[in-house]
Amino acid sequence: MSERKIGTASGRACVLRGNDIDTDRIIPARYLMCVTFEGLGEFAFEDDRKEAKGNHALDDERFNGAKILVVESNFGCGSSREHAPQALMRHGFTAFIGVSFGEIFSGNCTANGLICARLSPEDVTKLMESVELDPTQEITVDVESKTVSSKAGTMKAEIPEGVRNQLLEGTWHATGVLLDASAQIEATARQLPYVNTFVEISD
Amino acid sequence: MAGKNLFNKVWDAHSVRELPNGQTQLFIGLHLIHEVTSPQAFEMLREMGLSVRFPSRTFATVDHIIPTDDQKRPFADPIAEEMMIHLENNCREAGIALFDTSSGRQGIVHVIGPELGLTQPGMTLACGDSHTSSHGAYGSIAFGIGTSQVRDVLATQTLAMGRLKVRKVDVAGKLGRGVYAKDVTLDIIRRTGAKGGVGFAYEYAGSVVESFSMEERLTLCNMSIEGGARVGYVNPDEITYNDLKGKAYAPSGAAFGRALSWWNNVKSDSDAEYDDIVEIQGSEIEPTVTWGINPGQAVGINQPIPRTSDLPDAERAGHQEAVAFMDVRTGEPIAGTKIDVAFIGSCTNSRISDLREAARIAQTGHVASHVRALVVPGSQAVQKQAELEGLPEIFQSAGFEWREPGCSMCLAMNTDRLKGREICASSSNRNFKGRQGSPTGRTLLMSPAMVAAAAIRGNVVDVREVI
Ligand code: SF4
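Residue numbers (our numbering), protein chains in the order written: chain V, -18 to 184; chain W, 45 to 511.
The set of hints was computed from the structure by calculation and includes no laboratory data.
The hints are all genuine.
No farther apart than 27 angstroms at their CA atoms in a straight line, the calculated lysine-lysine pairs in the DSS-like style are these:
no., chain 1, residue 1, chain 2, residue 2
1, V, LYS127, V, LYS137
2, W, LYS463, V, LYS34
3, W, LYS209, V, LYS137
A quick note: this is a predicted structure, and the numbers were derived from the prediction, not measured.
My request is simple: use the sequences and hints to build the entire structure.
This is the structure:
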């Protein structure tokens, strides 16, 4: 079960400022009332957008059609809801660039073939300023070389080695890889006393 | 050679293999599911033509969407009913045990796992909910996971995970009167920040933690994720073992004795190494309340809310946003803030000891006339025990509503929600914008005893003045 290999993401970017933007804000809980992820795209950041009365980055015409979301630190903290990256993906984003990301959020992104690239706080500031100055420019996130390039130059990005390999090799959809170890899974289960109601404790 | 900590022992025992990408394929001993994050996972399995690999290692309950006023089927909300039907069908098809309302075992997923003895020391555990860290109270390694990972566990009983670093959080000495496990966790998050624990598993230790009951340990581990740590745990001890004895899914008879030797084996060695150590004096912890929009924005009850100008540059914008949203006055204490709603419940603080403590305070007065107060037990078992002890009567005669078990106003996926700009004193775990159902609603996190006291006074008050 090999999936699409993901080497780069490029397109126009959208600048979303703010630290600690949690997944409750990305997709409010009422949109968790669903049995499929379809149709979540239009509800991304719904409450924040209402509160901002048209002044939210996702409603900013300059950023229309953006494929890359540039954020600050701890983006996607909080709830484990995969609805959050699903909503952003269905809104059209394929990559996130920021200072740092919530751990479960970035894991969920990888599981859906979305890139989370980390830059230094200074580089994020530079990139945000550059995009705001010229929102029409194309930004490229290169997974192979771990770089982000824009009019502000080419910046060194951080993508954990394991995640980088998963994206490049198309093994980000983990199920297939995990299934490969069928016999080893059984063997591990046999070694665990509690899986065997503590009947035979080896060693 | 230095000894090993529990995290690394459990990790190694469950490691199926190292994956080419450097992650570990980790066997998951116990998988818990609920109605919100599982239907899409079952759908993905179907699309891939796969079935559930170890159905006897997954257990299901319904908690997030369930109404707490009237739980008769069909549920009043047709979407909630549809989600329930999906869960029932998925469990039936796969042969997964489902604790529904007719089982007598239904409740919030992180309350029922420990209650039924499903959660045990030395296990790996996963659930599509970030507060899965709770189960670490029993000395298990418990991860909150996303829906794609729920699919992975259903299909293979394993996860691809990167090993975490381990930080020992040592809470020494003793807690003062009126200071609870909730205050300890809020204090830790206040000190380390909402992202201070990213990349770490927390091992809670020290005399305060060792003297905690299992319910207190659950509260402590529950909020690990709010400080950024994916996992939090306490080494198992006599308190853990006594708690497990006689529970429905815990080993019994001779098996219990054999289990004990495995459980004692997985404990951290006395000379275990850690990647980091944080020490906190229990006596310095005050009743703690959040004033902002992330759990790190908290203060001791009598401490002033920090001024933006006192903070490092990087934190100022977030601080200003929180001050504006919450409409609080910096430089002044949170005590005295008028509340509109009081919520006692959630996987953090809805167990019997929480309700007993809240009832003890409820007995001292009556809910203020402008306050709407809700008590939502964490499970049917808690509800039943509370009834045996006469707690519902105490709450009701003090003006609190006594509800059926569920997540309720912790995330407001049912009809229990804030309206407009209401301020809620809440025993739950998240004070994010919009968390309690109104996009502009405001949440103040605190211990259940503090919530009960605030309900009665009508404003935030130091619980030590009441007890
Ligand atoms: S009570 Fe709240 S935090 Fe706990 S499982 Fe339910 S929704 Fe999640």
